[in-house]
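Protein chains: 2
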Amino acid sequence: MQTYLDCIPCFARQALEAMRRLGRDAETTERLVRVVLAELSRLEFNQPPPVAGKRIHRLIRELLDDEDPYRELKERFNRYALELYPSLARQAGESADPFETSLRLAIAGNSIDFAAFGDISETTIGAVLERAMRRPLVGSVSRLRREVEAAREILYLADNAGEIVFDRLLIERLPRDRVTVVVRGHPVINDATMEDAKAAGLTELVEVIDNGSDAPGTLLDDCSASFRRRFERADLVVAKGMGNYETLNEMGGRRIFFLLIAKCPLVAEHIGCAEGEFVVSTLDGAGRDVEG
Amino acid sequence: MQTYLDCIPCFARQALEAMRRLGRDAETTERLVRVVLAELSRLEFNQPPPVAGKRIHRLIRELLDDEDPYRELKERFNRYALELYPSLARQAGESADPFETSLRLAIAGNSIDFAAFGDISETTIGAVLERAMRRPLVGSVSRLRREVEAAREILYLADNAGEIVFDRLLIERLPRDRVTVVVRGHPVINDATMEDAKAAGLTELVEVIDNGSDAPGTLLDDCSASFRRRFERADLVVAKGMGNYETLNEMGGRRIFFLLIAKCPLVAEHIGCAEGEFVVSTLDGAGRDVEG
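Residue numbers (the numbering used here), protein chains in the order written: chain A, 1184 to 1475; chain B, 1184 to 1475.
Check each hint, because a few of them may be wrong.
[As the list claims (entries may be wrong)] Below, in silico cross-link-like pairs of lysine to any residue (SDA-like), each with a Cα-Cα straight-line distance of 20 Å or less:
id	chain 1	residue 1	chain 2	residue 2
1	A	Lys-1446	A	Leu-1188
2	B	Lys-1446	B	Gly-1435
3	B	Lys-1446	A	Arg-1196
4	A	Lys-1446	B	Lys-1446
[Unchecked claim] Simulated restraints on C-beta separations:
id	chain 1	residue 1	chain 2	residue 2	range
5	A	Leu-1388	B	Val-1218	50 to 60 Å
6	A	Gly-1206	B	Arg-1262	50 to 60 Å
7	A	Gly-1459	B	Thr-1307	38 to 48 Å
8	B	Glu-1458	A	Ala-1310	18 to 28 Å
9	A	Gly-1384	B	Glu-1305	38 to 48 Å
Honestly, the hints are just simulated from the structure, not real lab data. Beta carbons: idealized from backbone N, C-alpha and C, even for Gly.
Given the sequences, and given the hints that come with them, work out the whole structure.
Spelled out as structure tokens, the structure:
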């Protein structure tokens, strides 16, 4: 998905909110906003939005001289999700359809996104979880279920810290010996890295690898050769979040399921759903679940 | 009022919406957005927001090679307001308090602001007019009334085209031989110029001068010497809209009444009212009308 002109004011707002979220003073924030604006003025629009996200957050890390400014926030939301985990696992296990319940909870976890929202809190996430079972799901759960059964090698591209604990609920419903979880290769925003996969207990459950990149998405050219080989080999890719959608939605001929909350009007329009909807989108379009 | 960091994403959005409103193609819009971002990256924040507005709209006029790209829109909204004028004048004349009714209608006219809102239409303005009589008014109408009675020389700083027809309702309730209406010296956004004052029939009613500037506000240093003399001499200034508020709110020792709809969260906070409220603000603070 390309970058739209409408992304520009949003990037500027995101940079501003990031600095506030990180508790930086007005002077540092002003310096950051100036370099971000200069960077945006040279942006190539034929690239997906995570290209800009990657550059902006490199600028933030450089300016703050901090390789992982979101570390504390990531730990906070991992802890919060881990506190919820036992009761959510019970909820899924006792439900009529544990696979769909886990899937819905994993998608609900996609609300922990500091790129789209500056003001996430435990309360806002609680509200999303509350509604997770009642929401219409755009896309086909049964089709994903069938693909999971048929796949020999599944790549699960994680998105954010905190969210990755919710992903664990779904990953536990997948054939573990055939699943590899992928995290970012370097901290960027609150995206999950190996540290978060460990905190979520995933490294003890399945194979976890990183993609070698610091983009908040999966820019294949920016990823390590070893990740790219795994990506080529996998016959099913489950990609969480908008960043992975924006970077992989044009991959023809592959089986990719995008699990996300459509948090931005442009992504929602691109998918063909309403803003805020829970999505299980495939490369050949989302469509409501008509297969039951 | 200074420019806030939060103004930056808003300026970027405004530039984008302006180009769309003016029906320009994506390529031209992209070029404009790039130069606006570069300009914003060098912006001085200790200046009021109309300094940036002035620069951005100069860039738009240069890029489009059009001295008055909003001319057609301004004419459309002048026409619309003139169609409404007879019934609104009757409504004011027949009301219990014609001065307050005219004041409320003049403030309602401040909704015709293409800087704050990209998508104004006759329908949105109609909805604001509909509610104009029922809304609480932040500030003191009776105080304004007293100042009008006492003043020897009143300057009425107009804001936008279309809106200026609504202003006429209030101007007709002022002592005409003591009122001078001021318009911008050069087209900027949809701000009213001499052409619009003529279209509104104001030039036949009272003295109308221009301020010599193309800022969407009243930046005194940017105005003509003759306007500045009039501004110094006036013992009452009625200033319409956010741009005039943002540029004049720090003028100590003068009698200025700002009439506006608080369309932006920062301006609303600065005034001490809620977003969307109708305001009759003075330099010593708004305050609800306790004087009845």
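How the hints compare with the structure:
no., hint, verdict
1, Lys-1446(A) / Leu-1188(A), "holds (17 Å)"
2, Lys-1446(B) / Gly-1435(B), "violated (24 Å)"
3, Lys-1446(B) / Arg-1196(A), "holds (19 Å)"
4, Lys-1446(A) / Lys-1446(B), "violated (25 Å)"
5, Leu-1388(A) / Val-1218(B): 50 to 60 Å, "holds (52 Å)"
6, Gly-1206(A) / Arg-1262(B): 50 to 60 Å, "holds (52 Å)"
7, Gly-1459(A) / Thr-1307(B): 38 to 48 Å, "violated (24 Å)"
8, Glu-1458(B) / Ala-1310(A): 18 to 28 Å, "holds (23 Å)"
9, Gly-1384(A) / Glu-1305(B): 38 to 48 Å, "violated (59 Å)"
Checked against the numbered hints above, the structure violates hints 2, 4, 7 and 9; every other hint is satisfied.
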